[in-house]
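Enquirer: Take a look at the letters that make up each chain.
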Amino acid sequence: MAAVGSACLFVGLLCALYAVGASLYGARTGRRGFVDSSRRAVYALAALMVGAFVVLEAAYLRSDLSFEIVVGSSSTDTPTFYKLTGMWSTQEGSLMLWALVLSIFSAAVLRATRHSLRELVPYATAVLGAIALFFLALSTFVESPFATLAAPAAAGNGLNPLLRNPAMMIHPPMLYAGYVAFSIPFAFAVGALVTRRTGADWIRATRRFALIAWSFLGLGILLGALWSYSELGWGGYWAWDPVENASLMPWLTGTAFLHSVMVQEKRGMLRVWNVSLIVATFVLSLLGTFLVRSGVLSSIHAFGASTLGVPFLAFIGGVLLGSVVLVLTRLPDLRSEARLDSLASREAAFLLNNLVLVGLCFVVFWGTFFPLISEAVTGTESSVGPPWFNRYVTPLALALVALSGIGPLIAWRRATPANLRRAFLVPLAVAAATGVGLVALTPAEDSVPSLVMFALVAFVLAVVAQELWRGAGARRTMTGEPRPLALARLVGRNRRRYGGYIVHAGISLLLLGVAASSAFVDQSDARLAPGQTARVGDYDVTYREPTARFLDDRSGTGAPVTFGAVLDVRRREGGEAFTLRPSRNYYEAAATGPMGVFGRFFSGESTTEVDMRRGLGRDVWMAVQPDLRALIGPIKEANRRFSDVPGEAQALILAAIVERYRRAAPPATFRTLVSPMIAWIWLGGAVVLLGSLVALWPTPGARARRVTSLYAARLGRELSRA
Amino acid sequence: MAPARKRKLRAIVLLTVALLLAGALVYTSFSGATEAATPFQLVSSADPGRSYQLTGKVVEGSVEREGDRLRFAVRDRAGRTSIPVVYEGVVPDPFREGREVIVDGPVVGGTLVAERDSLVTKCPSKFTEKKKGEQSS
Amino acid sequence: MEYVIAVLILVALVGLFVTGPLRRGEREVEAARADRCAELEAAKEVKLREIRDAELDFRMGKVSEADHRATDRELRAQAIEILEQLDAVEGRRPAEH
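In the order they appear, the protein sequences are chains X, A and U.
For my numbering, count along the first sequence from 1 and bump the result up by 310.
For my numbering, count along the second sequence from 1 and bump the result up by 3.
For my numbering, count along the third sequence from 1 and bump the result up by 336.
No lab work stands behind these hints, which were simulated from the structure alone.
Just so it is clear, the structure is predicted and the values come from calculations on it, not from any experiment.
C-beta: ideal position from N, C-alpha, C; glycine also.
Certain hints may be false.
Between beta-carbon pairs, the in silico distance windows are [unchecked claim]:
1) X:Arg-951 <-> A:Val-116: 38 to 44 Å
2) A:Ala-7 <-> X:Pro-727: 34 to 40 Å
3) U:Leu-349 <-> X:Arg-506: 35 to 41 Å
4) A:Leu-17 <-> U:Leu-358: 50 to 56 Å
5) U:Leu-352 <-> X:Arg-806: 40 to 46 Å
Computed cross-link-like contacts, BS3-like style, restricted to lysine-lysine with a CA-CA straight-line distance of at most 30 Å [to be verified]:
6) X:Lys-576 <-> A:Lys-60
7) A:Lys-11 <-> X:Lys-576
8) X:Lys-576 <-> U:Lys-380
9) X:Lys-946 <-> A:Lys-60
10) X:Lys-576 <-> U:Lys-383
Take these sequences, add in the hints, and give me the full structure.
Expert: Set out below in structure tokens:
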């Protein structure tokens, strides 16, 4: 079976090669047949990659231990979900996943554009084929997922316990879908530059793919943050870690791109900016893919250079260099068709928005690569931490939210003072009222940035509401529909615009959660013995009793031993009272170490199992670090007396040791966090995705045939089919 | 003012603002950064009172828990020099003897007194890595 | 061995599929005209949407009447141009006034 998978990869590589050659030949000689043939090669590539994927997943499902990859990341007793998703916890698997998603998206875009952009599409095909070629070459010749062992292994390693969490397994494919999808607009931009068709056609053809890329990437980033918050023992969701930043950077430039292309579509401006931006986004996507598995940021995330470091850097360098040369040689074709008429225009707002987003990306980039920069400049390697990032990101984020409210209110080209007055009056009033109300009624003024953020969020939400209200009213005037129907039709006919507004609302809610939970969190690290109480914010937390479970993993990851605690949490001013049960899973160590036969079960990997009570107003989050020193005695005794005992009897002894923890009830260290409004981060993210879906949804195409008549009348008729 | 001149002025103002902000950014990054160091460097030439970012492997058998405090020693990846560390705060899930860690803090009397919650552990798998127990793929 | 057989079979299948357009011979002119039609239709849709968007903006009070009239005139002229081009491609004669 592995041979079939390998064959699929190899023939796929041939397809990619053919696609590049045939499309370029067809473009140069004008022979359409070759262009069509190259498109089919991409379809075939997609089919082959799906085939290879199926072969690999089948191997995982049946735990085929002759596959090296299965041995390394799965085992016969791994739960099915983790068997299916274990593929992308490995290097080889993720490379193949990249190629798979790329081939599917490429096939989709080529099918959608098979009748349009005749000169441009062949070059885009060649670019996509070349990218696929790179990943397939790595997959086929360097890190093949279909490598087999001479003799099947006795047992698999199983999935790393730290990865056994649903969010963590969905996070990589989401990120990859995002990174990969950005190669579509990139390829079309290159095609546009090569063929000198630098109008907005390439943008329109790939608009949906850019939005899909942005959505997937955002979802992947959000899932990563959610995982960090719900699974790790520190209670935060973002640490400005290089790996997190690597996925954020292309998302920031991608957001800028989504906005600035609208300016090009409407006014023919910002052409150089747009092609540069998509090149930057694609390069950052490659960098994001690569950073995670290489030794670039050597001080923090290297394991010694991985075999893929050099090829990736070479590829990224080549892409960057080639794109820069291409843009420079096509500068004359990229001149703007129009100029900025007024600062009070949507173009200006979008330009500012782009500057803020690129500024944010620069801050993140600088901070992430600072170890390398400082080493190059001063000779010593140093790094900056979250306080530095937060200092610069906060004002930029505030500016971004403000702009997301201002943009929708201003028209293209020019807004008169009267227009502005009418547009801004209500939202500004709402923002001011919110600010004043918060200062009067809450401790919000303790954190000025948060207060400003709250007011701006109110501003944006008011803007979105006003747009919906007035838009429905305008539609009613034009068509006479009742208001609810007008609203529905309004959104339905202007999906791009209103989907975008919903996204703005979602981002505001998300940043609301970020601001509130960062500025007003109450945290406590306390060492409690059973019966003791700790105070955290408004709550009293009492350690009632310890818990100890053997072969009873409630979290579904197959951990043999779980120690935890039951805590009663009570709100001091009365009202809420609930129980939390945080715990810690312990997995056996692979080899018998200094702790002996029985100590093996307590000295392997261990993972935090957080418990929390979520709420719209706040989350109460808890993690426990049990103190296992009380078990050292029983373990030593068991080692001494029972180490030669058979398996089932060993299990009984272990159960007894585990029970000892519950009886001894030693003190444990608890971290408690009361985070206000943190749930709004996830809710806001969901709203953003909803908005994206609305914006992505295809509008019904023009249906009725035209009747030959006067042009103007015909036009009027077409317009009235609104 | 003629439109062309106005546009030029706008561009200059924008560029100046951007450069000033970038300058502030660059300056604070150099002045506020934490220097990376290996155990050997810290043992031989640490500046007292200055915070460093120590990278190295946890010495086998050196991990002790005292209540809320964790004591362990960190040695050079390939060498023998080691430095004791005392740490309070979240211990990342992958933390174990023999693993690579990063921890921040000043050296006081030959021991690194770590900043709270600054411990980061790298996973030995060739591909995934962890920070404060965080994962990436 | 299994690998070589698999490769050969796949190459044969894929080769058949991929070289289809090459073997079919060219219906160049027809295909080109159909493509141009589709492109113009798409351009028309885009222009219609722009006109509707501009009207919505005006009705919502974001643009002054004078500005809107100018923009609307411009966009309608561009739309009529596209319709003319469409008719030319489709071989229809322009309508009598």
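Enquirer: Each of the hints needs a verdict: does it hold here or not?
Expert: Status of each hint after checking the structure:
1. X:Arg-951 <-> A:Val-116: 38 to 44 Å: With a Cβ separation near 42 Å, Arg-951 (chain X) and Val-116 (chain A) satisfy 38 to 44 Å, so the hint holds.
2. A:Ala-7 <-> X:Pro-727: 34 to 40 Å: Roughly 24 Å apart at Cβ, these two residues miss the hinted range, so it is violated.
3. U:Leu-349 <-> X:Arg-506: 35 to 41 Å: The hinted range 35 to 41 Å holds for Leu-349 (chain U) and Arg-506 (chain X), with Cβ atoms some 38 Å apart.
4. A:Leu-17 <-> U:Leu-358: 50 to 56 Å: Because 54 Å falls inside the window, the suggested range holds.
5. U:Leu-352 <-> X:Arg-806: 40 to 46 Å: Cβ of Leu-352 (chain U) to Cβ of Arg-806 (chain X): about 41 Å, so the range 40 to 46 Å holds.
6. X:Lys-576 <-> A:Lys-60: It is violated: about 57 Å lies between the C-alpha atoms, which goes past 30 Å.
7. A:Lys-11 <-> X:Lys-576: holds, 23 Å
8. X:Lys-576 <-> U:Lys-380: Distance of about 14 Å is within 30 Å: holds.
9. X:Lys-946 <-> A:Lys-60: holds, 27 Å
10. X:Lys-576 <-> U:Lys-383: Answer holds: Lys-576 (chain X) to Lys-383 (chain U) is near 10 Å, not above 30 Å.
In summary, the structure is inconsistent with hints 2, 6 from the numbered list given earlier, while agreeing with the others.
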